[in-house]
Amino acid sequence: MADNRQYLRIGLMGVDYLLPGSAGFTIEKREDLEVGDSGALVAAVRAAPNGTRAPAYSLDAGLNPFPRHGWQRAVFIHGTPAAGLVADEIELLSPGDVHIERFRPLGRPVTRAGHLFSGAWVRAGQVPVLVFEPRALLAYLAQLGGAQ
Amino acid sequence: MKPAVHNPVHALEVPNHALPLLLPSACMAEVVPYSPLAAVPHAPPWFLGVLGWRLRPVPVISYEALAGGEPAAPGPRSRVVVLYPLPGREVWEFVGVLSSAEPQSRLIDATVTPVTVQDAYPCIASGLRFDDRLVGIPDFAALVRMLYPA
Numbered sequence: 009m010a011d012n013r014q015y016l017r018i019g020l021m022g023v024d025y026l027l028p029g030s031a032g033f034t035i036e037k038r039e040d041l042e043v044g045d046s047g048a049l050v051a052a053v054r055a056a057p058n059g060t061r062a063p064a065y066s067l068d069a070g071l072n073p074f075p076r077h078g079w080q081r082a083v084f085i086h087g088t089p090a091a092g093l094v095a096d097e098i099e100l101l102s103p104g105d106v107h108i109e110r111f112r113p114l115g116r117p118v119t120r121a122g123h124l125f126s127g128a129w130v131r132a133g134q135v136p137v138l139v140f141e142p143r144a145l146l147a148y149l150a151q152l153g154g155a156q
Numbered sequence: 035m036k037p038a039v040h041n042p043v044h045a046l047e048v049p050n051h052a053l054p055l056l057l058p059s060a061c062m063a064e065v066v067p068y069s070p071l072a073a074v075p076h077a078p079p080w081f082l083g084v085l086g087w088r089l090r091p092v093p094v095i096s097y098e099a100l101a102g103g104e105p106a107a108p109g110p111r112s113r114v115v116v117l118y119p120l121p122g123r124e125v126w127e128f129v130g131v132l133s134s135a136e137p138q139s140r141l142i143d144a145t146v147t148p149v150t151v152q153d154a155y156p157c158i159a160s161g162l163r164f165d166d167r168l169v170g171i172p173d174f175a176a177l178v179r180m181l182y183p184a
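Residue numbers (the numbering used here), protein chains in the order written: chain A, 9 to 156; chain B, 35 to 184.
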């Protein structure tokens with residue numbers, strides 16, 4: 009379980025995103041998941057003892073479905089239903105390491121739950137890192153389909 | 035003899051490959067060199083990405099793409115014109131406009147007459163002609179509707 013002041017850095021094909029700890033998320037190792045077929049939209053499934061199943065999607069840097077083979081960990085965002093994504097890199101950042109500014113993407117939201125991002129971490133001389141809006145990310149993952 | 039100047043307005047002409055924009059200097063926070071942007075997945079083609087400006091995230095738009103064309107690739111002369119938040123927006127909602135080169139200072143006075151601009155150019159309130167060049171004055175209300183749809 010994440011501290012709600014922490015941020016999780018999620019690396020997807022060289023591009024970083026942040027997930028706020030306030031979302032509630034769990035990091036799972038590959039060996040603790042049911043790994044899907046190679047190249048499938050749903051890379052793995054977390055089966056809970058109560059029978060609920062949460063899909064973990066494999067996405068590229070533009071958040072499009074992308075087959076990924078060598079992943080080791082997945083992050084699941086708490087929600088009903090929960091869902092997650094497998095990542096190339098995952099790193100927990102403490103509140104002192106990150107300073108988030110509010111940010112609203114332009115144009116129409118991609119999901120019914122709103123825009124995918126609600127903030128950004130800007131450091132001098134570096135490309136900003138976008139911060140996911142957890143509910144919108146869950147809605148986006150649900151839109152992808154493919155979950156049993 | 036020069037004509038009398040009545041209530042002149044200082045503006046910047048922001049060059050691009052569609053229709054140069056004429057923006058009142060008062061609505062600009064800063065003009066900065068272009069630097070790599072954070073791409074925003076599934077953004078419309080006119081929303082180029084996010085610039086880090088004074089440790090703030092600033093979304094950057096391309097007027098070429100807004101007008102239906104291809105966004106020009108930024109080059110070494112490219113600039114980003116950072117605008118103060120548009121009318122009705124939050125105080126932190128700065129927005130950037132990509133400029134293909136350094137914007138040029140212009141003085142708008144009574145001697146400059148408005149001209150009609152084709153409907154092909156969205157979010158333009160009116161046009162002005164400088165020498166032989168047509169420039170567009172943005173319709174900020176229309177721009178707000180485009181950038182921040184309800």
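FYI, nobody ran anything at the bench for these hints, they're computed from the structure. Cβ atoms here follow ideal geometry from the backbone N, Cα and C, with glycine treated the same way. A couple of the hints might just be wrong.
[As the list claims (entries may be wrong)] Pairwise CB distance ranges (calculated):
#1 Ala-60(B) with Pro-89(A): 43 to 51 Å
#2 Phe-164(B) with His-77(A): 53 to 61 Å
#3 Ala-150(A) with Pro-183(B): 20 to 28 Å
#4 Ala-132(A) with Cys-61(B): 23 to 31 Å
- Message: Of the numbered hints stated earlier in the document, which are not met by this structure?
- Response: Checked against the structure, no hint fails, so every one of them is satisfied.
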